[in-house]
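Quick note, the sequences are listed as chains A and B, same order. Mapped onto this note's numbering, the consecutive letters of the first sequence carry residue numbers 799 to 1347. Mapped onto this note's numbering, the consecutive letters of the second sequence carry residue numbers 1075 to 1214.
No false leads were mixed into what you were given.
Below 30 Å or equal to it, Euclidean Cα-Cα: the simulated DSSO-like pairs (lysine-lysine) are:
1. K1084/B <-> K1147/B
2. K1208/A <-> K1121/B
3. K1084/B <-> K1167/B
4. K1147/B <-> K1098/B
5. K1208/A <-> K1167/B
6. K1219/A <-> K1201/B
7. K1219/A <-> K1098/B
8. K1205/A <-> K1128/B
9. K1185/B <-> K1205/A
10. K1205/A <-> K1121/B
11. K1185/B <-> K1208/A
Please keep in mind that the hints were generated in silico from the structure rather than gathered at the bench. Computed from a predicted structure; not experimentally measured.
The chain contents come next:
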Amino acid sequence: MGTGMELIIFLVSAVKSTGLSNRVVKESIPTFPNPMLSCIMLWASGYSEATLNDSFLADLDELSDNEDDLLEADNDDAEHMEEDIDGDLADIEALNYDDLDSVSKLQKTQRFTDIMQGGFVVALPLSYSATDFLVLKVEDALENGSENSTHGIVLEDDPEYQLIVDCNALSVDIENEIVIIHNFIRDKYRLKFPELESLVHHPIDYARVVKKIANEMDLTLVDLEGFLPSAIIMVVSVTASTTSGKPLPEDVLQKTIDACDRALALDSAKKKVLDFVESRMGYIAPNLSAIVGSAVAAKIIGTAGGLSALAKMPACNVQLLGAKKKNLAGFSTATSQFRVGYLEQTEIFQSTPPSLRMRACRLLASKSTLAARVDSTRGDPAGKTGRTLRAEIHKKIEKWQEPPPAKQPKPLPVPDSEPRKKRGGRRLRKMKERYAITDMRKLANRMQFGIPEESSLGDGLGEGYGMLGQAGSGKLRVSVGQSKLAAKVAKKFKDRSYGTSGATSGLTSSLAFTPVQGIELSNPQANQFGGTQSTYFSETGTFSKIKRT
Amino acid sequence: MEYLLPTLRKKQEVDSLIRDTLDKVLVLRFGLSSDAVCLQLDDVLYKSVKDVSKFVTVALVDTTEEEIQVYLKYFDITYVPSIVFFFNAHHMKMDSGSADHTKWVGTFQRKQDFVDVVEEHMVQGCKSSLCNCRRYTERQ
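Chain A extracted, bound-state conformation:
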């Protein structure tokens, strides 16, 4: 049997959570309660994942020490690490060839009988080197499978469904593992090429690039074609020529390369798991896969944690499943996508014009939630509901893209026949207040009987002052009320701060003596508006209006 086959069988069998291997692992690693995870650890990164974590901690401790100690500790640790890594490798190899075989041999008898009864695992298209024994099993399994599917049993009891659920959880765990390994690689490779981590974000791409570059200082000798888009390759080469990194020591390099290998292996394993799930998606969730496609359906079921969990989610959450939360600092946010998750990868979404994508995404999320609900209760095993929903979605999207009806030239309305729409409300009142007649103007407009008014040019020439300033007017003093219009204009100009702002008093200085930092320069205009100071004491505030009763 090829190693590919071993991988799958072991993987899948590992997922089943029965058998010898789990118990062994459970005893040896108390830190991993999840049996599946521990199994994958057993295979992918060896049971010394714990030691990998310890090495992280060791590295962190080293960083805060002196350089000498660093070097020494590094050397010491390197030795340990090497041993561990060797141990890992040895274990892995042992696992791969000895233990794996033995385990899988064990499983073969045990697992495959299980599979015979209800499993469909062996129906994987990856069984290139299938033996006759397996082929028979496949056919049997397929027959059993087709029989089972017509029963319409509750989904949760279906063993294949369990398998799919486990595969989903496994893929999520693998992803987390990849992130951890990526961090490790990054930390190690930082000495050599620190800028690479900000140029290449994707963990798998990063691992590939690191593996390709290895310890090479001259990037012109390294061919990165096919790993990255050419623009990024160019940027990487340019940055490499001016990088501040130094070549890594041999042992560190070896560690890094090994970690890269592990990451890549994990990635390929995840792909295989997803392919398997995808191939069975048509059976598990026919309606959902009719709408969004089997790959995306597999992914969202995986992220949701099962078909029934997905069915319970509101559509707005389904839309966001798988949305990338990372904000790429340093890159422009021009490409920052709106809030879409895995649904972004569906064919329907990709084929809508960009202006309609937001609406299409919402529509897609709602219809796929409906389909998921139908699937979770096995209401329509043929997938007809899914196809009708898909047709509906297509129709709606086409309708949105129709040009608007041609504009008919309308005849002009009869003049003065339409009533003017009068607005009211607080906002309008406040706006009108700014232009209202002030008290001063009111007084100036009136005149007292029998008393001649004063005028600006005297003797009746010029503008008359009316009752303003007259003795018997009944007002002790009329002051220029703070007009709101003036206040608003003043505020606007203040914001622009033409030249020196006249509001700060001459005694304030922009230098401040602070205890911690010594002398501090503060911007006198920094916190003038919107600061903690209330508008009561603000310089541009108006008098509060006291309503006349």
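Put chain B on the given structure of chain A with help from the hints.
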């Protein structure tokens, strides 16, 4: 432009049109369809007829016809083209800057000019006691 706008040749036609146009401004253009200035005016009229159709009716009166001479004498039309405005069978007078307030002589430069004139006629006609259309200019 006889084929685009209704053209009147008989006195009886003109009479009936004036009587029958209710609550709308009636625009009668007196002129010849072969005259250059007339043609320009007719063009403007034709373009605006659709827009003002809610409150305006436009008709052309051929001044070469015999029966129409009565009107020419009545309205004292010598220059061609001339436009006379009616509202509810009432002849509307308009101060257009010239001495003659009873009619509009000549052509309009732009379509908007014609629309303005006619809108003003409509407003005045509505305001007057000639019609009982609703008026929203009053404060409610």
